[in-house]
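Given the structure of chain E, go ahead and fit chain U onto it with the hints provided.
Protein sequence lines correspond, in order, to chains E and U. Each residue of the first sequence is one higher than the last, beginning at 530 in the working numbering. Each residue of the second sequence is one higher than the last, beginning at 27 in the working numbering.
Simulated from the structure, these hints should not be mistaken for laboratory data. Ideal Cβ placement from N, Cα and C applies to all residues, glycine included. It is possible that some hints are incorrect.
As the list claims (entries may be wrong) - EDC-like mimics (lysine to aspartate or glutamate), calculated; alpha carbons at most 16 Å apart, straight line:
1) U/K103 with U/E41
2) U/K138 with U/D120
3) U/K78 with U/D110
4) U/K78 with E/D630
5) E/K538 with U/E68
6) U/K86 with U/D110
7) E/K543 with E/E608
8) E/K586 with U/D120
9) U/K138 with U/E68
To be verified - Part of the chain E face toward chain U, derived, beta carbon under 7 Å:
10) Y560
11) M570
12) L572
13) G580
14) G582
15) I623
16) T631
17) F634
18) P636
To be verified - Calculated from the model, a selection of chain U residues having no Cβ within reach of chain E, i.e. all distances over 10 Å:
19) S84
20) K94
21) T96
22) Q107
23) V137
24) P139
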Amino acid sequence: NAGVTQTPKFRVLKTGQSMTLLCAQDMNHEYMYWYRQDPGMGLRLIHYSVGEGTTAKGEVPDGYNVSRLKKQNFLLGLESAAPSQTSVYFCASIGVGRGTDTQYFGPGTRLTVL
Amino acid sequence: GNSVTQMEGPVTLSEEAFLTINCTYTATGYPSLFWYVQYPGEGLQLLLKATKADDKGSNKGFEATYRKETTSFHLEKGSVQVSDSAVYFCALSDGGNTGKLIFGQGTTLQVKP
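Okay, chain U solo, but in the shape it has when bound:
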């Protein structure tokens, strides 16, 4: 079945450091790929998405490219801020017409001043 695997956390970085959070997936067909972010005490919100191979999603300085050849959707940011501290979830659409998502286990990012 379809699945998503993320790098284990927590990831601790200093402010202005470069961030990469790895995400790989297993899926049949051509799923859409998403990154959701969960700030402390809140629900999830969409950070970015890509709906077909080679698409790049971007938002708030974060980027991720849909790589079908390596089945990956790694999240990157060139210079993190303390306010980026959160849990990041990679997800894929489960196909069909149900809108269901399959999530990775989440990666906690802590940015220190």
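Chain E extracted, bound-state conformation:
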């Protein structure tokens, strides 16, 4: 049981390049989330999904797109990377949307945009 995994762990992009971050979970969770972590700002929600085939915007969605074609995978795309998107990205999942439940986090992807 690997939990939540993220690919890649590190990436360096040039301004304007595109990339996709992959999140996978093997816990059969319905809900998945993408956060970014910046110094002094905690974690901010980018997009989330409440089930296969669904996505919704979070607090900071601009410049990102997501897809949830399979229940176990949640992809985060950057179409045209900007230096402001330099950050650490975390994926998380939860069984259902109860507010009492624990979110399980992946190890993170450190992205640098030059």
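Same frame as chain E, now just chain U:
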């Protein structure tokens, strides 16, 4: 809207010292409250939680009590160890049925031998 405010860090303590990390929140309704911990180079993991007023969450010697009258959820530990060095995040559930969390800005704890 809902929000979480944590005391600014970094917090530097000597081993066996008493730890308090303050967390206050603003929310409508009755959110659940969480403390997550992030060890160096890792993702976040749940440390403890409380789902209703006056509940006390506890784990690994850490405790926090859900105080609705003061809208607080302060994290405490009686005797910290070097291995407790990490970033600590206070969070609340955003209500509804989305499972979304709102995080504080995080507090870095460094424990020196």
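Quick rundown of the hints versus the structure:
Distance restraint check for U/K103 and U/E41: the Cα-Cα separation of roughly 12 Å lies within the 16 Å cut-off, and the hinted pair is therefore satisfied. Note on U/K138 and U/D120: the hinted pairing is violated, with a Cα-Cα distance of about 36 Å set against a maximum of 16 Å. Among the hinted pairs, U/K78 with U/D110 is inconsistent with the structure: their alpha-carbon atoms are about 27 Å apart, more than 16 Å. In summary, the hint linking U/K78 to E/D630 is supported, as the alpha carbons are separated by about 13 Å, within the 16 Å threshold.
Taken as a hint, the E/K538 and U/E68 pair is honoured in the structure, with Cα atoms around 11 Å apart against an allowance of 16 Å. About 10 Å separates the Cα atoms of U/K86 and U/D110, which keeps this hinted pair within 16 Å; it holds. For the suggested pair E/K543 and E/E608, the alpha carbons sit about 12 Å apart, so the restraint of at most 16 Å is met. This hinted pair checks out: E/K586 and U/D120 have alpha carbons roughly 14 Å apart, not beyond 16 Å.
Restraint check for U/K138 and U/E68: not satisfied, since their Cα atoms lie roughly 21 Å apart, outside the 16 Å limit. For E/Y560, the interface hint holds, the least distance from its beta-carbon to any beta-carbon of chain U being 5 Å, beneath 7 Å. Restraint check, E/M570 versus chain U: the minimum CB separation of about 6 Å is within 7 Å; hint holds. Taking 7 Å as the C-beta contact cut-off toward chain U, the hint placing E/L572 at the interface holds, the least distance being around 4 Å.
With its C-beta approaching chain U no nearer than about 11 Å, E/G580 sits outside the 7 Å limit, and its interface hint is violated. Hint status for E/G582 relative to chain U: violated, with the closest Cβ pair at about 16 Å, above 7 Å. Checking E/I623 against chain U by beta carbon gives a least distance of about 5 Å; that is within 7 Å, so the hint holds. Taken as an interface hint, E/T631 checks out: its beta carbon lies about 5 Å from the nearest beta carbon of chain U, inside 7 Å.
Given hint, E/F634 at the interface with chain U, holds; its Cβ is 4 Å from that chain's nearest Cβ, closer than 7 Å. With a cut of 7 Å, the hint placing E/P636 at the interface with chain U holds, because the nearest CB-to-CB distance is about 5 Å. U/S84, annotated as away from the interface, keeps every beta carbon of chain E farther than 10 Å; the closest lies near 15 Å. The beta carbon of U/K94 is kept farther than 10 Å from every beta carbon of chain E, the shortest such distance being approximately 15 Å.
With a minimum CB-CB distance of about 21 Å to chain E, U/T96 clears the 10 Å threshold, and the non-interface call stands. In this structure U/Q107 is separated from chain E by more than 10 Å, as the shortest Cβ-Cβ distance comes to about 23 Å. No beta-carbon of chain E is positioned within 10 Å of the beta-carbon of U/V137; the least distance is around 21 Å. Annotated as non-interface, U/P139 keeps its C-beta farther than 10 Å from every C-beta of chain E; the closest such distance is 26 Å.
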